[in-house]
Amino acid sequence: MIKSNNVVAMLLAGGQGSRLKLLTQEIAKPAVCFGGKYRIIDFTLSNATNSGIGNIGILTQYKPFELNAHIGIGECWDFDRITGGLRILPPFMRGTKGDWYTGTANAIYQNIEYIDSLDAKYVLVLSADHIYKMDYRKLLKYHMEKDADVTIATIEVPWREAYKFGILNVDSDNKIVEFDEKPKNPRNNMASMGIYIFNWDILKYYLKKDDKNRRSEHDFGKNVLPMMLNEGNKMYAWVFKGYWKDVGTIRSYWEANMDLLDKNSGLNLYDKDWRIYTRTKHLPPQYIGKNSVVRDSLINEGCTIEGEVNNSVVFSGATVEEGAVVNGSIIFSNAVIKKGTVLNKAIVLENTIVQPNKRICKEYEDDICLIEQGSVSIEQEEALYA
Amino acid sequence: MIKSNNVVAMLLAGGQGSRLKLLTQEIAKPAVCFGGKYRIIDFTLSNATNSGIGNIGILTQYKPFELNAHIGIGECWDFDRITGGLRILPPFMRGTKGDWYTGTANAIYQNIEYIDSLDAKYVLVLSADHIYKMDYRKLLKYHMEKDADVTIATIEVPWREAYKFGILNVDSDNKIVEFDEKPKNPRNNMASMGIYIFNWDILKYYLKKDDKNRRSEHDFGKNVLPMMLNEGNKMYAWVFKGYWKDVGTIRSYWEANMDLLDKNSGLNLYDKDWRIYTRTKHLPPQYIGKNSVVRDSLINEGCTIEGEVNNSVVFSGATVEEGAVVNGSIIFSNAVIKKGTVLNKAIVLENTIVQPNKRICKEYEDDICLIEQGSVSIEQEEALYA
Amino acid sequence: MLEECLGVISFEDIGNEFGVLCRNKPVYMLPFAGRYRLVDFTLSNMINHGLHTIAVFTGSKIRSILNHLGDGKPWDLNRKTRGLSIFPPLFDDVKRRSCDIYQYHTTEEFFVGSKAKYVFIANPNILSKVNLTEVFEYFLDTGADITVVYKKQNNGKDEYINADTLIIDDSGRFVNIGINLGSKPVFNLFMHMILIKKEVFLEIIRAGMETGENIYFKQAVANYKNMYNINSYEFKGHVEYIRGIKSYYNANMNLLNKEIFNELFLEGGTVLTRSEDEPSTFYDTKSRVRNSLIANGCIIEGRVENSILFREVKIGKDAEVKNSILMQGAVIKENAVLINTILEKYVTVEEGINIIGIEGNPYTV
Amino acid sequence: MLEECLGVISFEDIGNEFGVLCRNKPVYMLPFAGRYRLVDFTLSNMINHGLHTIAVFTGSKIRSILNHLGDGKPWDLNRKTRGLSIFPPLFDDVKRRSCDIYQYHTTEEFFVGSKAKYVFIANPNILSKVNLTEVFEYFLDTGADITVVYKKQNNGKDEYINADTLIIDDSGRFVNIGINLGSKPVFNLFMHMILIKKEVFLEIIRAGMETGENIYFKQAVANYKNMYNINSYEFKGHVEYIRGIKSYYNANMNLLNKEIFNELFLEGGTVLTRSEDEPSTFYDTKSRVRNSLIANGCIIEGRVENSILFREVKIGKDAEVKNSILMQGAVIKENAVLINTILEKYVTVEEGINIIGIEGNPYTV
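Protein chains in written order, with our numbering: chain A, 1 to 386; chain B, 387 to 772; chain C, 773 to 1137; chain D, 1138 to 1502.
These are calculated hints, taken from the structure and not from any lab test.
Predicted model, so just to flag it, every value in this text is computed and none were measured.
Any given hint could turn out to be false.
Stated by the list, open to error - Taking lysine-lysine pairs in the DSBU-like style, the calculated list, with each CA pair at most 30 Å apart, reads:
(1) C:Lys889 / B:Lys532
(2) C:Lys1008 / A:Lys290
(3) A:Lys338 / A:Lys281
(4) B:Lys667 / B:Lys725
(5) D:Lys1162 / B:Lys667
My request is simple: use the sequences and hints to build the entire structure.
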């Protein structure tokens, strides 16, 4: 090829996401279901496809079976290419010893050969934990215009929440002058989104340097980026406008699902020019019964709704029987809500059969209850709390 | 799907192959080039395709970049399927700890979930280190006819070499009665080919049992198979007739390449019903010059031959300049043999430029010389010896 | 075992029974059940029963099927040596192009070159979940040269007029193929499925071409019936035979019957089609949907009853849709009313407009 | 940037200049250079320069191109939203089918629906490695509505009779398209490559259809030349224009010239084609091969000189092949002689047979 795509995306998908509790007991966080038919990683993968990224390496390490099965050969995101395309990059052995990925930067460090083999000029580091739609070309364009060594995507967060984030202090040109990791008294509300674009030759130099530092945790935010700033590299902040949510806790996960039911949330799934792709399950259309009521809800293929569904997200193949009422809940694939049962603010895991005539979770209660996987009947009013 | 292929092949491709020296310095043994256009693993992968195997897991661990790039999404072997197909299975983490594959059986043990997810009835364990053509359906058919728990593919080896192999002692029905690992005084010349077919439920039981045994090396030949035999499982030997070569040393590697030049070796690459597939490089046809001589040799696409080539295997894109003479040698891709140079029994690594007017390796000498990779001129008469 | 069988999808041109619906596409490309094309059913059934090599004889309207099948990926038919072969007619012989014998003849190389021993021919305009594995076992067990599949129907007086009737003797042996003229309620509907030994298939094609007596394969089978052992397999499940707008409309509406829906979709393997990656369907606060099949990607703000909505349909506030089929991307604006109507792809019904067809005889827009 | 450009592969039907070679296939499907088809060059050049959406207008002999392009995998064109579109002609309008304007008109939806802003049209019967990136930059820099590509030839008296001539003024501005009648040696060969703004392309198609004045797009461009800014790009590399058996034979033989071979294969991107997974070619003890291009999968025991051997050719002991092109699977048995001949796919020349064509006017078997 004469023209090769000189951007290589590296998607960090090794996270365990233990704060998502039951949701990540068996699978990696990026593989958690979201939004009626997706998994969390679909958003980042689709952003990459829609941004015309030709090469993407997915760094995995924690319980990857379901994630690997979901990604397959990448054909859903159009990454099943003969040249370039998607490659899953787990840790591996060199000679007789092997290293697990010990940090975000270390994961990239261990795959220097992969990136080199693609003749990369820029490396785009992504994380698979967020729900958002972003055209990475805009970030790259900004990076090139600023002639930067590193550009970090940032988003304005409410001042009162800024203390939770990595805050970037910048000059009038948006050049980064200081990193402020979870500051008690933030001087800025511009938070790092964990999305970085690097000039590859520079990043490679610092990855190697960081690897030699025994005291480093080999993390971008904690080690590599501060080191690069200290050594005088040109680092810029690019400001992203739009919906962005870290779904790291049960609460934020539930909220992000509910955001889909709000036309004004800023996250439009119906935009044909920016499809979110996922693995298709080849299910027939949904059937809405003779006496059912469905309001303010997302219902997916293969569902049978004969009861009442309000303010809820229902995944593929789920069944809501006659007389059952589902309010403010998230029902995963193939779950069955039996006759007469009322659910409020519940998350019902895959394949769960919720027995008839139960009232699960209190009404108007702020807690979110998780109903466990497996065809076990749930007797108690509340299950695990977030 | 109503009918799913109930055989899952597991291909052990983690070997370092250190006895192949320079050839495996940078890559795993299964990725070593062979026979003008192939890599060693192509033979086993193509056997699987041609045998109608629908699911194949490739267990990798040692320096997998080149191997992964070679395999890609498996499209060359027609394994780029949406359901089933080929999956690369490196080690991974469960919870906070991860385990490298510690033995052949351990590698399968760690992927029990993968095999279960495919609803396997039989598991075919293969190794990626051998050159041979085998219809695994025949092995499976035999296994089913014998109603065996395990069937091991065997081949008759010359009596004088039997001490090098794992020898199977069988009764008149080919039922295995004893394993004899590298026996000093073999009572049989039926050697295990390292190809096993198991009933999955039985194998799973023994893998779990073996995993609990702290003194086990978690190896099929040393631990799992003897344990299964001790415990009275029905184990049969199936006899394979045909070409088979372990290319574990430089000498056997060289010999196996030379076998391709012998019509009577039993390894016919031209059989359209049993193609050996590999990744194509999209090169134009080879050019044979006005004064060149090519005899008893295999020449691949993209080569330019202006000199003399005898009894040699020349890989894609290699050049033999005018006046150069290549005898009994293996020339890897894009190597250049400059004017007037004479090579005897040499293995010239990829991209090597052999300077003009040299005489490399002695004639009629039994040693095989390896000429190193990189565009370095070779000054000494001999390089590394096998 | 069905791996040893070639699948052939081939249809008889049934002319212009479909009006505008088939102006640019063959009947087998009609949208069905919210997200499918008719041909998906035959294709998926073949794949689900292990047929790996499938030839599609497209007929003369080629573009839509090329676009739909494309690289064959959704059906995992993008294989190196087997997979999908698409055979458009040869342009040089426009006159003879609708005759299947001639089409098979011009692709004889494909059949001869394959290692398969059997050929299974099906008509994509007839939807069913025939258990092909069972048919194949029956075919092998009975040592037949040809097995044809039929369904005993008991509404031959009202429906299926002019449909092919399979005439068999008491032992199920093939006697002839006739036409149902509606004189009797009960008749054997010939389902246009033929399982045949490849060598016999080739013999019949050659004899058909040489004698010039047959232009349709089914005719040839009937003509040569004494030369071969031809028996029949009775299918007892649900069949939809799409022969015109009315049967097309009814076949869609029948899906609101749960038993039929389950038989076609949930039993006997998944129906595969090309995914268009729509999000879930959104039901707004004031939506009222009853007894309807809704595909993904719709946004519903109004009322829908007894209807089939294809992908990306939009129903505006206070709009009413009843007993209708709305194809992909149709838009019903606020206060519009649509009853007993089939709405074509991407058609918009403007605010306040009423379109009302006659019950049992849907209006097509 | 070329990502914003649609690639269109379209050809003019040049009739029966190829005898048996094109009985069942269009000219662009002729085998070339041992393992390619002519169309591979145009297709690969587009891909190598970043065109991701490519439409192929097949003409009426469709089966061979469908089989060759198949799922588009070897060209990485099996994409979801972009990739390959194959447009066979509409059968209903057989009369108008060879006219490209009409073909473009019937696929207007494809062009309108694409986000691309530019259209690049090329004729697959003309082989070259034109640097499309450079052409595109020239087109943008000069602010042209249309840029056409030509090559200055100096053998117009002997070759290229009846080929299209590009007439331009001193500034390179388009004046007209004429025909070379051989009166002058030097002329500008119109390479049938047109880069055009999509909106202009659509305007010309519509005007062409409405007025009925134009049936070929190149005619229309000439007719509307005063309405648009049309300039030209001079290509200085090697061109092969395949217009008949002689030019086809010469184009193959020219590859034995190392400079031409290198320009077509080693410079400016790889030429992609479908792989057939043959092993390397085996040269037996008594083989004598000189100045020849040999594809993979051949087994050579005899003598070969100044020839092109396609895949899987077998040359028996003491056989002699000279100045010939042997297509895939051809077999020359012991002691046979073949000189100045083009041998079709899978043709066998039996033991001791001599086939000798006239120099410069190859015999076709």
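Between Lys889 (chain C) and Lys532 (chain B), does the CA-CA distance stay at or below 30 Å? holds (28 Å)
Hint check: Lys338 (chain A) vs Lys281 (chain A), CA-CA at most 30 Å. Holds or violated? The given pair, whose Cα atoms are some 24 Å apart, holds under the 30 Å limit.
Lys1008 (chain C) paired with Lys290 (chain A) [C-alpha distance capped at 30 Å]: Given pair Lys1008 (chain C), Lys290 (chain A) holds - Cα atoms ~29 Å apart, limit 30 Å.
Does the alpha-carbon distance linking Lys1162 (chain D) and Lys667 (chain B) stay inside the 30 Å limit? holds (27 Å)
Need the status of pair Lys667 (chain B), Lys725 (chain B): alpha-carbon distance at most 30 Å? Holds - the C-alpha atoms of Lys725 (chain B) and Lys667 (chain B) are around 26 Å apart, at most 30 Å.
Every hint from the earlier list agrees with this structure, and none is contradicted.
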